[in-house]
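Chains U and R, in that order, are what the protein sequence lines are. Adding 8 to a residue's 1-based position in the first sequence gives its number in my numbering. Adding 45 to a residue's 1-based position in the second sequence gives its number in my numbering.
Hints in this document: simulated from the structure, not taken from any laboratory. Hints may be right or wrong, so weigh each one.
To be verified - Selected chain U positions facing chain R (in silico; Cβ < 7 angstroms):
| # | residue |
| --- | --- |
| 1 | M9 |
| 2 | D13 |
| 3 | L27 |
| 4 | G122 |
| 5 | A126 |
| 6 | A335 |
| 7 | I390 |
| 8 | A402 |
| 9 | L405 |
| 10 | M409 |
| 11 | R410 |
Even for Gly, the Cβ is constructed at its ideal location relative to N, Cα and C.
One-letter residues, chain by chain:
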Amino acid sequence: MKFVDSLKLALRSLTVNKLRSSLTMLGIIIGVGAVITLMSVGRGVEAQITDMIEDYGSNTLNVISQTPGVKGLASMQSATPSLTIEDARAIAERVPYVTGVAPVSENFVEVTFGNESAMGVIEATTPEFEEIYNYHTAYGRFINERDIGLKDTVVVLGQKVVEDILGTKDPIGQKIKLSGRSFTVVGVLEPKGGQMMGVSMDSIIVVPITTYQSKMFPRKTSRGEDAVQSIAVQITSSDYADYITTEIENLLRRQHRIKAGDKDDFAIISNEQILSLFQQITGALTIFLGLVAGISLLVGSIGIMNIMLVSVTERTREIGLRKAVGAKRRDILLQFLIEAAMMSLTGGGIGIIGGWLLSLGISQIQTSGLTLRAVVSPDIVILAVSVSIFIGIASGLYPAMRAARLNPIDALHYG
Amino acid sequence: MTTDNCLISIDKLTKTYQMGKVEVNALRGIDLCVAPGEFIAIIGASGSGKSTLMNIMGCLDKPTTGKYIFKGQDVSQFNDNKLAEMRGKSLGFVFQDFNLLRRSSALANVELPLIYSGTRHRHKRALEALERVGLAKRAHHKPTEMSGGEQQRVAIARALINNPSLILADEPTGNLDSKTSYDIIDFFRKLNDEGITIIMVTHEMDIAQQAKRIIRLMDGKIVTDEPVKHEHPDGEKK
Chain U
9 MKFVDSLKLA LRSLTVNKLR SSLTMLGIII GVGAVITLMS VGRGVEAQIT DMIEDYGSNT
69 LNVISQTPGV KGLASMQSAT PSLTIEDARA IAERVPYVTG VAPVSENFVE VTFGNESAMG
129 VIEATTPEFE EIYNYHTAYG RFINERDIGL KDTVVVLGQK VVEDILGTKD PIGQKIKLSG
189 RSFTVVGVLE PKGGQMMGVS MDSIIVVPIT TYQSKMFPRK TSRGEDAVQS IAVQITSSDY
249 ADYITTEIEN LLRRQHRIKA GDKDDFAIIS NEQILSLFQQ ITGALTIFLG LVAGISLLVG
309 SIGIMNIMLV SVTERTREIG LRKAVGAKRR DILLQFLIEA AMMSLTGGGI GIIGGWLLSL
369 GISQIQTSGL TLRAVVSPDI VILAVSVSIF IGIASGLYPA MRAARLNPID ALHYG
Chain R
46 MTTDNCLISI DKLTKTYQMG KVEVNALRGI DLCVAPGEFI AIIGASGSGK STLMNIMGCL
106 DKPTTGKYIF KGQDVSQFND NKLAEMRGKS LGFVFQDFNL LRRSSALANV ELPLIYSGTR
166 HRHKRALEAL ERVGLAKRAH HKPTEMSGGE QQRVAIARAL INNPSLILAD EPTGNLDSKT
226 SYDIIDFFRK LNDEGITIIM VTHEMDIAQQ AKRIIRLMDG KIVTDEPVKH EHPDGEKK
């Protein structure tokens, strides 16, 4: 029997039982669609985080406080602050290949103007922040050295904060309140788009670090100095990252008077490290989502197998007749195998299109400035296609073998 | 009788089935020669082994012991694939309940054996076969739209399509009224006159009388084997 004839035969018996074939395919459609959608959402989140971190510049090292001798993220969050503006200055002056250093303290704060209020993220820092993090002012100016020196209550607002509390008013020169204290708006940042942990990157509020330390959220190091949360260090090339890390480490150990053999009270992580950490997390997330979707694919394939088994039983006499008029085992095997493969391939194809459309739809949804991006990449599609081919063959094989093995005499007299 | 002249030559053939723990000896030593051009009726009570003998002659089953030579080939040694090939190319089957694919047209039903033998010009040949049984006009009708007699003629057209050496008919008139039964038998006789060898299982004596030779089986053995004495008057018709 020619392969083309087998194809025609399979197509015919599928179209004869349209409702049954479509319902069986629905299982695969949902399964493949779910795999595509969920994995593309996972990929989207991954891409979003990567973009954002790369936007910050991959040539950035971050120095943060750390409880001595404790590893991991937890030790950084609960650590006693150990870094100061002096540390930042020392790094800028003494470590080679450093192009910019900015001490940064962050906090959530309520910002009000008249009756309007919004939540924003304070970035208390120095003028270098503008360059290191790629923020640029749309109007007015960024904070400057004079603001730092005078501990001025001036503020540079992100686009979203301006929209939320000032509306269409000219923001420059307006007096706004940050946790009850009055600040003068001197500049507005260009919109940046994107988000970090669900907070829009345009919700930031830049104030001078010295103002923050003295008038807003004063914190002291264990040696009684004014503390900063972290120090961002921009370097000329990530190739020197290891060397610079060592240099900063040595410098800060001297600054903090840490004895030889004692552990650091700070940690230095590069943006690349953060990136790879996030990529690990989002990668695991993507795989997890794929596995969840895979369960529905499995259920779909059980559906195919079930229907094929019913179909073989139903057509026992037909199989007997086909054998009587010369069909070989192989012919019968192929007939049923192709039927199963056709169902899973067609289902898979529709599922891919459906999942892709769904991913497009998800990318359009915007909730409170939060956009979820879904990226359908070719490898996800290839994965879904090969899985559906595999499912077709795997779930069709057993029923097809049962059909092929039927004894023609018994089959002819069945039922 | 020398085996050289036989289309079918069966020698000391037995068939034993295992039915649970019981062994059933369906055939207990059959010797038979069927010459080309014969028209044989096999009769016998149910359980006499006539269906088993048909199945073995139809290459659907293999004997337990003994030899079955068909067209000079020892079929008892064939594997499943070679048996399937033999069925497709040299045998035609007609069943009691027609065994047509209900959802396919008469034409598609007749074409079926050609698909498996990989023959070309299938439509043309299937139409010719339908013409031969007088159903060319109904080629695109489905079996469900046809009478029993018409369905059996479609089945005969299907059996004829590969120009088989032998047609095996298992109770071909079992589901037909007596008039239609005679029509079908007349058609078999006509085919036989054209030189086609036919073996038919039946339990109706008047149908068996239409054949040229009657073999009676009992308990897995041939008890009588004799030519039919008086030709049916319809034999000369057409």
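For each hint, the structure was consulted:
1. M9: Because about 5 angstroms separates U:M9 from the closest Cβ in chain R, which is inside the 7 angstroms limit, the hint holds.
2. D13: holds, 5 angstroms
3. L27: violated, 15 angstroms
4. G122: For U:G122, the interface hint is violated, since the closest Cβ of chain R sits about 78 angstroms away, which is over 7 angstroms.
5. A126: violated, 69 angstroms
6. A335: holds, 5 angstroms
7. I390: violated, 35 angstroms
8. A402: violated, 25 angstroms
9. L405: violated, 19 angstroms
10. M409: Where the cut-off is 7 angstroms and the nearest Cβ of chain R is about 14 angstroms from U:M409, the hint is violated.
11. R410: violated, 15 angstroms
Hints 3, 4, 5, 7, 8, 9, 10, 11, counting from the list given before, are not met by this structure.
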